[in-house]
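S.K.: Chain residues, written in single-letter form:
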Amino acid sequence: MQGPTDLDITRRDLLAIGAVSMASSAVPLVAKGQETAAQSPVMSKVSFKVNGKPQALRLDTRTTLLDALRDHLQLTGTKKGCDHGQCGACTVMVAGRRINSCLTLAVMHEGDSITTIEGLGTPQNLHSMQAAFVKHDGYQCGYCTPGQICSAVAVLGEIKAGIPSHVSADLTAHPQLTAMELRERMSGNICRCGAYSNIVDAITEVAGRSE
Amino acid sequence: MKFDAPAGNNPIDQQKIVGRATDRIDGPLKTTGTAPYAYERHDVGNNPAYGYVLGSAIAKGRIASIDIVDARSASGVLAVLTASTVGQLGKGEFNVAKLLGGPEIQHYHQAIAIVVAETFEQARAAAGLIRVKYVAAPGAFDLAAAKDTAIKPEKITGGPPDTAVGDFAGAFAAAPVKLDATYTTPDQAHAMMEPHATIATWHGEQLTVWTSNQMIDWGAKDLATTLGIPRQNVRLISPYIGGGFGGKLFLRADAVLAALGAKVVKRPVKVALTRPMMFNNTTHRPATIQRIRIGAGQDGRITAIAHESWSGDLAGGKAEATVRSSRLIYAGANRMTATRLATLDLPESNALRAPGDAPGLMAMEIAIDEMAEKLGLDPIEFRVRNDTQVDPEHPQRPFSQRHLIECLRQGADRFGWDKRNAQPARMREGRWLIGIGMAAAYRDGPVTKSAARVKLDDRGIVTVDTDMTDIGTGSYTIIAQTAAEMMGVPLDKVVVNLGDSTFPVSAGSGGQWGATSSTAGVYAACVKLRETVSRKVGINAADAVFENGSVRAGELTMTLADAAGTDGLMAEDAIEFGELSRKHVLYTFGSHFVEVGVDAATGEVRIRRMLAVCSAGRILNPKSARSQIIGAMTMGAGAALMEDLVIDKRRGFFVNHDLAGYEVPVHADIPHQECVFLEETDPLASPMKAKGVGELGICGIAAAIANAIYNATGIRVRDYPITLDKLLDGLPQQA
Amino acid sequence: MKPFTYERARSPADAAAAAARRPNTRFIAGGTNLLDLMKLEIETPAHLIDVNDLALDKIESTSDGGLRIGALVRNTDLAADARVRRDYGLLSRALLAGASGQLRNKATTAGNLLQRTRCPYFYDTNQPCNKRQPGSGCSAIGGFSRPLGVIGVSDACIATHPGDMAVAMRALDAVVETVQPSGKTRRIPIAEFHRLPGDTPNVETTLQTGELITAVTLPKPIGGTHIYHKVRDRASYAFALVSIGVILQKDGSGRVAVGGIAHKPWRIEAAETELPRGAKAVTAKLLEGARPTHDNAFKLTLVERTLGAVLADAGARS
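Chains as they are written, first to last, in our numbering: chain C, 1 to 211; chain L, 1 to 735; chain G, 1 to 318.
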């Protein structure tokens, strides 16, 4: 058992009330002077294309690209798994490059072209990567899946473009299309159901077809 | 339908559709992002408000005061609710801690308030303006320190806390070869990819929640209980679930607070727990301390075996049943198990994929490896010598089927076990020390009541409604396969609707019971529908053949569409299990084989090969069943190598509470995985002759990895996870 | 996240001046760490200046044969640049060992230097942290410290700089170029860029208020064998427990920088003279005065062993 004296008592806003216990405030412990009073949201206009379609939005500047897609454009194929760039479920492509849409503000994307999972294919007309994921059972719960697929499509492009990876043996050579390369490059997309082995099989099949 | 006699020949045995590797029928939706998860129901009411949950900043104590004035007046805020504003709440049957804390605080990040605002950004910002003063109380946060205060719980999952047969102490003392070792497993998180999320809306007294929940009926009941409203006033809908692993078995704060918020603001309210809050707010697998003693003769036969286990939970919680399988798996005349439960003030402990066995086998399957080595026996041979076909504590109770030895032998052949050097630390490739290890896998195959409704329409479409859930397990597809096989229609003529509390109550997804129970429920409903169809067309159901979309008996053939007519036909039934599953031990078995490389300099462990051979009755869909196994192997790799909810023992919380701090395996950690199922059926399990596979794969895999690391390095680590810092001192000296 | 106003800067000097004018302003480029921290209200800027339009995204050769890397060059592009891959392999390797493909596509050269610690207590605003709230105390000392610093630590803070790129930059003797609110530019050697925590762990670099990084320059290539070895619990997408960047010349001389152990990329030039005597000798000097915790003392052994492996590897390759 830990006694109250083991609790930290150096905190600025810690104050004792009562004889045997102490209280502390849970105002977030942020640096002094940074605490700002409640303010109205700052609204800003932004226009970009999503899956080829122009969109003009008026958004709170705090809105991430992810929340703009999900809550404002109702494009919920892009998933929020962690909102902190730690899982990859929110992966989309901006100007062909995959990014975590949770760690970028919508207002920073004026004029950009964004591709989400909805822009790759539809249930009736699957993209080859989507079809390969179905065939190889490269998913289970399906929540990380759109991010995995967007990432997979982008990864093949990155290899084609000659971008090296951590496991590329020769930095100056064109990277190879090996299972190990795919695993390293896909590592920013966590799948807790553990479909990794099948996902690599799916990507390998698509890569083989497009070679 | 009562299942109280071994299954005879039935339409499932045709295996035209069941038993065949089948793409998931929900695949096109999931891969295109069009499967709607809980937070994504744009169709359920426009203009939703957003809820943001505030968690407690202390682990134990009480709220002295909570000032919501600034938050309430913040831009866009519609309501701020706390325990003191919402009135008396009940507590669900399956919850230990309250889902809305205050004034008493039971654990860190226990929800204490929800802010409802026009936008997510506004709700989140306003939550930061709530000022809370706490009176902190001392708490117990360290299992090792609390071990001696642990008590014997009334029961554990599946039986009593303690069992004893023969004279363990005497036999152990007399045994010529002995092992007495203690193992520890850490607290672990589910870390499913979809955070707990709910949209709630009220129409008068009727509450509807779209949520992410594995057990629809439990959730609806507990939500009603918590809110103090009649069960029939709650509808819970959960057709797509972004992973659960036991973390979504129960009602959680998102659903309760969304419902409370929606009531107050008279609009739909959406709430998702934030990732950094999930680890301490929700449940987790508790840490364990396990002592295992095994005594054997020089002939390699176990004469004494004991497994004792300690875990902790909040007061009123339950013990981790790690010893459960140790009562059943290895022979030995003298045996005992014991379970003790400490009261800890950490977040609530509860089920995580294969509760009990996952950590239990992490210990036992190392112990068996250690014991085999002491005996100078191959670990497979040691297991074979101590196989039993009956429950060793109750020898009159046989296993319905037990093909553990076949799993071990087949695995050894396929993996190239004969190439393993039994002497540890003898294989090296460049910087890598190479090791091969194995473990047995075993997990019970429970069955439980499950109901379904089946409809046939005038297009010949068969529609199944059941409140079963698909948490990534493939329920949609195996249910469709079952209905298609039973009614003699192709798969694309079956529609499956899941996860709605207005549907018949199913087994739900948990405890590895879902697949066999829920399909058996669909089987039962289909048997009834076949009878209904037969009656309608005037034939004897026993003579009716359902195939190619028609029903046939003698000279008569009629399409199911015509048979259904414009009014359609419907049948509902449940499967109920009788004495069979009590008179027999229903278990699933397997073997895990692993090859690892350990960096000779840094101690980093990388898995190079993985194989599982599994025995689980009929495999309904080999494609998704294989995914269940390899997915569980992946989670087990995490348990072996990295997963560890680290406790701050001063402040009483899990410190690494996000996905950067709590590492789970990524693509680069997992090699190509092999999974083989034995061809078999188990007529004692259910009419489907199937058992579950969702949990089997995580049982034993971590120990197989640990045993491979030992084989690679000669270092025996008994404290999970096996991180490099535990290996460094034992690695070879550098030149 | 607190509300903030937002503008897109038109020139580096304007950006710096604007940042100095308005209190509590932050620049945003990739945003991959800043937004993460803003969501948790660890960073609470009232104004954001988006610098992405500043055309600082070029990699150019310098007159002395080195490279000038624009502040906005994305990690992916820097790692993939043919000159970097050929002449500064250590930098490519360090970048590719960090984060994920998605994050490297967004994260910038300047932002990467400025990324803040991953100490879990810094990330939890309920916990005292001198870096987040000066004077509140350090929760990591006496708490969970396995991933944290072992050298250059203080009683106020044992956090580490979590980056990989900066370790390579340190070994390569990079220089950080900035523009100040006055419009003046200056060049800060990388060794002087990051600070040790001391009594003010909240002050992480020697940048002044409003000062904007415009580029990082690398001196002309020094050749040698470049190796970056990152040690972590999982195989990818994880911060380093320890990372070692080495440039080894044929004559046995070389450079060693270490990540994951201190509040800044750790390099002791004097230790490099020990290279011919091997990893043990180098590590003894490199880690002299280390103050590890019980939980992270293994890092001392790990540095020595990893360096040993790297030197053996470099020897085999050269």
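Take these hints with a grain of salt, some might be off.
[As the list claims (entries may be wrong)] Only part of the chain C face toward chain L is listed, based on derived beta-carbon distances under 7 Å:
#, residue
1, Pro123
2, Val134
3, Ala207
I should point out that these hints are in silico values taken from the structure, not numbers from a laboratory. The beta carbon of each residue, even a glycine, is placed where N, CA and C say it ideally should be.
S.K.: Take the hints in turn and mark each one as holding or not.
M.R.: Against the structure, the hints come out as follows:
1. Pro123: With a closest approach of 4 Å, the Pro123 of chain C hint holds.
2. Val134: 4 Å, holds
3. Ala207: 15 Å, violated
Violation of the numbered hints given earlier is confined to hint 3; every other hint is satisfied by the structure.
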